[in-house]
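Novice: So the protein sequences, as listed, match chains H and S. Residue numbers 0 to 320, in numbering that gives the first Met the number 0, belong to the letters of the first sequence in order. Residue numbers 0 to 320, in numbering that gives the first Met the number 0, belong to the letters of the second sequence in order.
Source of the hints: derived by calculation from the structure; they are not laboratory data. Among the clues, some could well be false.
Unchecked claim - Per the computed footprint, the stretches of chain S lying under chain H, defined by three or more beta-carbons under 8 Å from a beta-carbon of chain H, are:
| # | region |
| --- | --- |
| 1 | 77 to 85 |
| 2 | 241 to 253 |
| 3 | 266 to 276 |
Backbone N, C-alpha and C fix where the C-beta goes; we use that ideal spot for every residue, glycine too.
Number of protein chains: 2
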Amino acid sequence: MKSYCIHQIGQLPQKVNKSIPTVKDDELLLKLSASSLNHRDIWITKGLYPGIKIDATMGADGCGQDENGQDYIINPGLEWGNNEAYQASNFRVLGVPDDGTFAEYIAINKKYVLQKPSHLSTLQAAALPLAGVTAFRALFKRANLQKGEKVLISGIGGGVALFAMQFAIAHGCEVLVTSGSSIKLEKAISLGAKAGYLYHDVEWTKNLLADFGGVDVIIDSAAGSGFQQLVKICNPGARIAFYGGSQGKIDGLNPQTLFWKQISLLGTTMGSDLDFKEMVSFVQQHQIIPIIHSVYALDELHQGFHYMETAQQFGKIVFEH
Amino acid sequence: MKSYCIHQIGQLPQKVNKSIPTVKDDELLLKLSASSLNHRDIWITKGLYPGIKIDATMGADGCGQDENGQDYIINPGLEWGNNEAYQASNFRVLGVPDDGTFAEYIAINKKYVLQKPSHLSTLQAAALPLAGVTAFRALFKRANLQKGEKVLISGIGGGVALFAMQFAIAHGCEVLVTSGSSIKLEKAISLGAKAGYLYHDVEWTKNLLADFGGVDVIIDSAAGSGFQQLVKICNPGARIAFYGGSQGKIDGLNPQTLFWKQISLLGTTMGSDLDFKEMVSFVQQHQIIPIIHSVYALDELHQGFHYMETAQQFGKIVFEH
Chain H
0 MKSYCIHQIG
10 QLPQKVNKSI
20 PTVKDDELLL
30 KLSASSLNHR
40 DIWITKGLYP
50 GIKIDATMGA
60 DGCGQDENGQ
70 DYIINPGLEW
80 GNNEAYQASN
90 FRVLGVPDDG
100 TFAEYIAINK
110 KYVLQKPSHL
120 STLQAAALPL
130 AGVTAFRALF
140 KRANLQKGEK
150 VLISGIGGGV
160 ALFAMQFAIA
170 HGCEVLVTSG
180 SSIKLEKAIS
190 LGAKAGYLYH
200 DVEWTKNLLA
210 DFGGVDVIID
220 SAAGSGFQQL
230 VKICNPGARI
240 AFYGGSQGKI
250 DGLNPQTLFW
260 KQISLLGTTM
270 GSDLDFKEMV
280 SFVQQHQIIP
290 IIHSVYALDE
300 LHQGFHYMET
310 AQQFGKIVFE
320 H
Chain S
0 MKSYCIHQIG
10 QLPQKVNKSI
20 PTVKDDELLL
30 KLSASSLNHR
40 DIWITKGLYP
50 GIKIDATMGA
60 DGCGQDENGQ
70 DYIINPGLEW
80 GNNEAYQASN
90 FRVLGVPDDG
100 TFAEYIAINK
110 KYVLQKPSHL
120 STLQAAALPL
130 AGVTAFRALF
140 KRANLQKGEK
150 VLISGIGGGV
160 ALFAMQFAIA
170 HGCEVLVTSG
180 SSIKLEKAIS
190 LGAKAGYLYH
200 DVEWTKNLLA
210 DFGGVDVIID
220 SAAGSGFQQL
230 VKICNPGARI
240 AFYGGSQGKI
250 DGLNPQTLFW
260 KQISLLGTTM
270 GSDLDFKEMV
280 SFVQQHQIIP
290 IIHSVYALDE
300 LHQGFHYMET
310 AQQFGKIVFE
320 H
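All chains, full assembly: derive it from the sequences and hints.
Specialist: Take a look at the structure:
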């Protein structure tokens, strides 16, 4: 079968012919109908991710069909373990070191599949898993988001940020967004965000405070020196959940502001098996449709990688197999 | 009556003769038998605290007797409000702007008094309120401390740090401490801490990791550049609760470590009425005795202030009225 593997650090995934995997007792063989791209895939090709195994098939997100014609989505969080608070030391994300979804077939333990939500196409379903579970855990398990609260999603346009926006709106919250692009802000507003702020504008926190008074929950993946700006717009009791650090180390936090306002800074990544199940139920209940930026054929995989590096996407980059 | 008031910023409290306060319907008049000193009192004299009211009586902590001979301790957190997550905007700590405990009498709303725990002397009871509720909220409401977890208390010797140590030991946890003084480390170990580390030793985090593998909860009041050292010794799922920032801004936090380990950084200050009640119950249940460094007469108040500025104390500085 066709598969795209990490062959050498610094190279994009290479197309390799592999055998269709043999299935163990507790596994299902799925013919993959769609997969989607995550930033993690970029970092793996650059050698910036732990646990890289050369020649493993890449890809964390996928939707596939069993021999009976049932469509499934795959939970990409392997071996989370029994503690809801954090993943076990042998936790892995699907797709390097374990063979992933950028292939024609996958053998996957039955405990990691759920029936595809019926309101989603296979392409939409393939956009959901990794980003969906990360957003869900950040909002509901870490930040304990309550109906009616004000939420800021920084850097709108990426998969996790968009799911966080959609989930928070569905939960009855007022959602504000930031971006470096006014086009992305407009798109977010067209999808239900109340307002958008350009984070390069030195007045953005002042403007947000004037417009909305402050926020209760922030979902961030930038960190860096801009993180202290986020603290400025926090209401008392606010929670900032962050799942990335693209802008580097967090600096200049004023402890007095943080403790007097009882603010919580909450690191979060991926989600447990339970988080994944609850996320999929939430998506079904609220009939949420993942936002897809573009669809490529699996053989156009490199185009997807190149496009993600431009950071222009608003939504997930999906591959049709 | 005799009272010690903030008369001018930069001066220690001045002894002033005031009338015995008139009592409203919902208040009790207490003859104060003891009070205790907090860092907050030092900051007020230096003008480094918000809401300073000139000529108000200082002092947050106190124990006093009503006309029937019943001894009470006073909850120094006024108008916390209805939200357990954070204090209302009109929240104040007793003793500037409201008249406090460095006096012969106080008129205090009945909702802020609890009967003195019978196992405590009036001097011990006066040592408990502010530091006790701060430590209790940090450990149990913010860090959600579980029996059997490993806890690090940084900067052992101050009131909050010592109560945090005592409460965590009473809760069945293994407690480690840091200090700049080996004498303080030895004292903490004699009170039940498992080990102590000198924080000026560049190897201290490495040594702690070798000895104990890491910690689940950290209680800190220093912040500053040393805060990133605390993150290094965090187990997955760890919570760092901090109630002070004597070393200034928090710098150099690695977001990847924080999110991959699902670490929580939790600002906390004081506590709600419920926190105070639960803290006093906990102290009664576990028969905890506050650690007193020294007792002065109320007329020796300035000696107490001077001693606290040397930072040599191990335990509370208490005034006998």
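Novice: A separate judgement is required for each hint: does it hold in the structure or not?
Specialist: We went through each hint and held it up to the structure:
1. Taking a C-beta to C-beta cut-off of 8 Å, the region 77 to 85 of chain S contributes 3 residues in contact with chain H, enough for the three needed, and the coverage statement holds.
2. For the region 241 to 253 of chain S, the proposed coverage by chain H is satisfied: 11 residues have a C-beta within less than 8 Å of a C-beta in that chain, meeting the threshold of three.
3. Coverage of the region 266 to 276 of chain S by chain H holds. Counting CB-CB distances below 8 Å, 3 residues qualify, and the rule asks for three or more.
Of the hints listed earlier, there is not a single one the structure fails to meet.
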